[in-house]
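For reference, the chains in residue letters:
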Amino acid sequence: MSPRVESSGGNEKQNRKCSASTKSHSSTRQSPVGEKKMSAMQEISPHVRNMKQLQYAVLAKRASRIKEELRQGVRKPFKELIEVCWGDPHRGGVKPLTFVQQVLAGCVYPQLVDSDKLPVDVRQRAELLLKGCAGGSVGSYTATRGIPEIVHRISEFITSRDGGAPSHPENIYISPGSQWSLMNVLNVLVDGEASPRTGVLTPRPCYLSSNLSMVGLGAVTVPYDLCEERGWELRVEELHGALESAKGVCRPVALYVINPGNPTGHVQSRESMQEVIRFVSEKRLFLLADEVYQDCVYGEQSEFLSYKRVLMEMGPPLSDTVELASFHSASKGFMGECGLRGGYVELVNLDPAVMKCIYKLFSTDSCAPVLGQFALDLLAKPPQPGDPSYPLYREETQHIRSMLVRNVKRVFEVVNGLPGLCCQPVEGGAFAFPRLHLPPEAIQRAEEMGMQPDVFYCTRLLEEAGVFVSPGCEYEPKKGTYHFRFCIMVPEEVMEELLRRLSSFHTQFMKDFS
Amino acid sequence: QQMSQHAANGLPGRVKLLNVDNMNPNVKRVEYAVRGAIVQRAVQIEKELKEGVKKPFDEVIKANIGDAHAMGQKPITFLRQVLALCAYPELLEDDKFPADAKQRARRILEACGGHSIGAYSSSQGIDCIRQDVARYIEKRDGGIPSNPDNIYLATGASDAIVTMLKMLVCGEGRDRTGVMISIPQYPLYSAALADLAAVQISYYLDEDKCWSLDVAELKRAVDAARQHCNPRVLCIINPGNPTGQVQSRQCIEDVIRFAKDERLFLMADEVYQDNVYAEGCKFHSFKRVLFEMGPEYSTAVEMASFHSTSKCYMGECGFRGGYMEVINMDPEVKAQLTKLVSVRLCPPVPGQALLDLVVNPPQPDEPSYHQFTKERATVLATLAEKARLTEQIFNTVPGITCNPVQGAMYTFPRIALPQKAIDKATEEGLSPDMLYCMRLLEEEGICLVPGSGFGQREGTFHFRMTILPPTEKLKIVLQKIREFHVRFTQEFS
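These protein sequence lines are chains A and B, in that order. Mapping to the numbering used here: the first sequence position 395 is 478, numbers consecutive. Mapping to the numbering used here: the second sequence position 436 is 449, numbers consecutive.
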């Protein structure tokens, strides 16, 4: 039996009790009838137990309580909460795109299509989408990969985005959000019972759901550090270092990259991506490229290039041999339709026999929600110049774009102007991830309260200033560093208010703990 | 399905980095017949028809999957009105929409972040919707309390089922979790067990007794299983899929007693709870029966029950809406469950909204009540009629024996196959009922799923057909199958 390996952050020690085979001396709760519970902690999948408990849940409870108190008229230094812990533009106050709303309504209630309440191009698009639905209803199941016409349009979108590199519908799967297909692909890569354990290289810091998925499947996450001082750059030396650290611990099979970064906001250069591609080729790793923020790029020097494009433009043999899965979603970008659960994966250079197994795996999920599929269609093929809806669409997306550019600039200015806080430029993505340089007294106080220092800070920020952000420890950054993450996809007024409250809180906090 | 040359991906002849020898071996064992080889062939035939290839039929009838709308069933007006209002709230100003639809849409939007169904919800599902679900369950179950904290909304019931199994499967070697599933069963279960490397413990439903469940058979199965695994879970589908049987109250009590005695976690898949047709049959929820059996059971038996928006009278498969209710779960375990569901962020919000309407339908004093009730009654009555018709017609075919379709959406008749046909199938490396179904598809354009995809007693053969095609078409389908069966039997005698 292989030795148990630390696979996630420090918190899991509390969750892990004795191994599953010792159920006879478990400390299970007794039901009134004197019997052990059937679903006791010891009889739960160890992979599930090893998944970290989220700090978010604790803060969310507090936030709920505060909201309730505000509703009841309790006096507070703020009138409402600013909730920026999730990458959720609509929750943050960004308006949904009118065209998307109209098309979805027309598809859900086709009687609208017959009336002239909706613009002509909306009606046409709804009719087109409904044609692809069995029985003309969004309530029907679809083909496993997704509605064929939509999958086709996504492949065209990818080709167009990637300067002509061909994309084939048979390689694309639409799923309820991108995390779902990431999990399916990981499931193929990871054998949870293998010895040595399967390893996946992941960035540090990293988006938490992805790491949790890996742990939940029984994989070991092998972190590679992103370089904070250089804007959270990915440096190939760190990849080598990570591989070294995995020796004797696990068998790495894949490299997970998030570009643009979450929580970091870094956008990779072509050179950096080429280094990554050469690395995975040399070290025989599968490349998992999470590109859901590809439409969120703000830096003047930054440009999003997809891993597929960079790979194809490097030519053979790499372009024929590197095995890649890239992920995108309707949850981010201008659309921000997180709640519809529409995402996809494109698989590149995979073994046909493995593809057959992947098909079967996806088929057990039946299909992605149809409205989520439609959202992807609108992402792949938005209104074009000349369409009746185009002017409004352009106005709305331009507004969001300029809002984001301004927000990013303001965040950089304000946060870097506060002593004890510093923030790398947000080149892309949905978040700012400032670094906290906490006074020793604050750290000590946090320890006394049994909290991580950044959780302590975020809790205070929530209680005293009504700003709900996410503590940096959730993203498993380098030990001894503290951060917090907040979403920058909010209306400008909200961002100004957020920055005002943050400045005032932070200044006071630093005073209190000097 | 043949991969096109383009999709063949990369250089031929080179050993791939990720290949069948180093991929997760569990995934290789996953099969899901409902969307398997026969369906892929059906899709190919549809393409050929579109391209003008001549065939003995001009459409493929996909009676393989429980998809009511695909077969022409109309959505319920009220549900779609509310969802349209949620999708495009400007329509709240439109007086063509009834007041009760608007009221519900407003309430749902109020509960969504930024008043948009495009915002994430909490991973367990929108609070007020879970509260509505709990109230619905209480009403359904004669007042037995339901705690919204025990309700988890999901991406269809399948998502919740797989999540529970993922939590419960552990142990190594002889300690590996064993999960009891019926034969025949809905192959999501066998697929999930293969993927999780759980031990499948099969218990046979009794075909001669209308597919009823016999506790003696459960006992046989679990005792045998204890030799090589740790049986911990018992899965029941009621009304049944593919078999359609609706369990009697007595049977449910017996199962609960059995689960308690054998210390099994009970998973009650009740997605067809409104689809009950046969005289004398009634849906009894496992939870209700459990609580009515008194505290000796209601405090001891742990279970999860599952429901969905894909079936019943709604048939809204494409929304991927569903929930599970967990009962008597260890609070620490429940915390683990809550943690696990957060990884997929949240279930689709439109599906959550739809579920809210299902548990909170128009009331007698509301404007939409009459139309809603009428539409619902029509759907269910039509299904009941088709269930009866199916059983009747199949039983006129020598060599086809069909149990009454008491509930759900399927028929699972037994087919007698000549030995020569069985031999031919073996030659071709197919299960005999797959050969039968493939022939039926090629000759008549009717797509069914062979019984081997669901499990059946050795030496018996079946197919699963949905009762969903519109009545007139269904009659034709039944007739064609009858003719085919006679032909097939003659050809192989």
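Please keep in mind that the hints were generated in silico from the structure rather than gathered at the bench. For every residue, glycine included, the Cβ atom is placed at its ideal position computed from N, Cα and C. Incorrect hints may appear among the rest.
Stated by the list, open to error - Just a few of them, taken from the derived set where beta-carbon distance is under 7 angstroms, the chain B residues facing chain A:
| id | residue |
| --- | --- |
| 1 | N37 |
| 2 | R42 |
| 3 | C183 |
| 4 | R187 |
| 5 | F278 |
| 6 | E315 |
| 7 | R333 |
| 8 | I340 |
| 9 | V346 |
| 10 | Q349 |
| 11 | P431 |
| 12 | I435 |
| 13 | T439 |
| 14 | L443 |
As the list claims (entries may be wrong) - Residues of chain A placed beyond 10 angstroms of chain B at every Cβ, according to the derived structure:
| id | residue |
| --- | --- |
| 15 | E126 |
| 16 | R145 |
| 17 | H173 |
| 18 | S198 |
| 19 | K200 |
| 20 | Y224 |
| 21 | G247 |
| 22 | N270 |
| 23 | D274 |
| 24 | E386 |
| 25 | K443 |
| 26 | G503 |
| 27 | C505 |
| 28 | Q535 |
| 29 | E579 |
| 30 | S597 |
Open item on the list: Interface hint check: B/Q349, Cβ to nearest Cβ on chain A, cutoff 7 angstroms. Holds or violated?
Closed with: 6 angstroms, holds
TODO: For the hint on B/F278, just tell me whether its beta-carbon gets within less than 7 angstroms of chain A.
DONE: 5 angstroms, holds
TODO: Against chain B, does A/E579 hold up as non-interface, every C-beta pair farther apart than 10 angstroms?
DONE: 18 angstroms, holds
Task: A/D274 non-interfacial with respect to chain B [C-beta, more than 10 angstroms] - done: The claim breaks: A/D274 does not keep its Cβ more than 10 angstroms from every Cβ of chain B (closest is about 5 angstroms).
- [ ] Run the C-beta distances from A/G503 to all of chain B and say if the shortest one exceeds 10 angstroms.
- [x] 31 angstroms, holds
Open item on the list: Over 10 angstroms from every CB of chain B: does A/R145 meet that, or does the non-interface label fail?
Closed with: 14 angstroms, holds
Task: Minimum beta-carbon distance criterion (7 angstroms), B/I340 to chain A - done: 11 angstroms, violated
Task: Hint check, B/L443 versus chain A [nearest Cβ-Cβ separation less than 7 angstroms] - done: B/L443 check fails; min Cβ-Cβ to chain A is 17 angstroms, beyond 7 angstroms.
Open item on the list: Please check whether B/R187 passes as an interface residue: C-beta within 7 angstroms of a C-beta belonging to chain A.
Closed with: Violated, about 9 angstroms.
TODO: Test the statement that A/E386 is away from the interface with chain B: the closest C-beta pair must be farther apart than 10 angstroms.
DONE: A/E386 is indeed farther than 10 angstroms from all Cβ atoms of chain B, at 27 angstroms.
Open item on the list: Less than 7 angstroms between beta-carbons is the criterion; does B/E315 satisfy it with respect to chain A?
Closed with: 5 angstroms, holds
Open item on the list: Confirm or reject: A/Q535 is not an interface residue toward chain B, with every Cβ-Cβ distance exceeding 10 angstroms.
Closed with: Given a closest Cβ separation of 18 angstroms, the condition holds.
Comparing the model with each numbered hint stated earlier shows that hints 2, 4, 8, 11, 12, 13, 14, 15, 17, 18, 19, 20, 22, 23, 25 do not hold.
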